[in-house]
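Participant: My request is simple: use the sequences and hints to build the entire structure.
Quick note: the sequence shown uses the working numbering, first residue 3, plus one each step.
These aren't lab readings, by the way, just hints derived from the structure by calculation. Wrong hints could be hidden among the right ones.
Stated by the list, open to error - BS3-like cross-link-like pairs, simulated, lysine-lysine; straight-line CA separation at most 27 angstroms:
| hint | residue 1 | residue 2 |
| --- | --- | --- |
| 1 | 149 | 97 |
| 2 | 40 | 26 |
| 3 | 121 | 97 |
| 4 | 14 | 26 |
| 5 | 40 | 69 |
| 6 | 14 | 40 |
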Amino acid sequence: MNENKSELEQAKELHQEAMEFLTKARQIHDSTLSHQRKLAFALSSVLPKNFGIIEHDDLPPEVLANKSRQLVDVIANRDLMDVINTIMNMAITNKDLIHTSVDYAASVDCVCVRASSLKPEGGLTVNENIFLQSDNALAELLAIEDKLIDIIADAHEASETIAGVEA
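Facilitator: Below you can see the structure in the form of structure tokens.
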């Protein structure tokens with residue numbers, strides 16, 4: 003009887019251990035599914051909407067290279083649009099600190115960004131025209147974004163200083 007009890011206890015311990023492994027396996031499975039969904043969402047956000055699966059075996063190398071280049075161009079264009087949208091968002095959300103104008107000239111594919119202080123003596127601090135087809139358009143837009151961040155931070159500090167003095 004004592005032997006049976008020890009076997010029963012061993013079986014219960016093994017069952018408990020198996021249940022713990024099953025719980026861990028389920029957690030890992032859920033985590034993996036979650037990561038796959040996040041990756042699929044990220045890729046669907048980056049890839050163009052009409053992007054499909056291409057069978058690479060039956061495509062000539064020139065066609066495959068052309069399709070790959072088109073995909074790279076779409077992703078680069080999306081990066082440009084993201085930076086332009088960020089600049090627009092900064093212009094809208096910080097209208098009480100600086101005056102920002104962002105214009106697009108479709109005829110020449112150019113974005114014009116102008117920013118100035120709200121103070122009369124402030125003057126024009128940013129006056130840039132970026133041709134989106136140029137090779138360094140993304141770098142130029144990122145530089146403008148950095149300038150605007152610095153200008154906004156300075157204007158915010160100045161307004162806090164004035165508010166502190168008045169209080």
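Participant: Now look at each hint and say whether the structure bears it out.
Facilitator: The hints, checked one at a time:
| no. | hint | result |
| --- | --- | --- |
| 1 | 149 with 97 | 16 angstroms, holds |
| 2 | 40 with 26 | 21 angstroms, holds |
| 3 | 121 with 97 | 13 angstroms, holds |
| 4 | 14 with 26 | 18 angstroms, holds |
| 5 | 40 with 69 | 25 angstroms, holds |
| 6 | 14 with 40 | 39 angstroms, violated |
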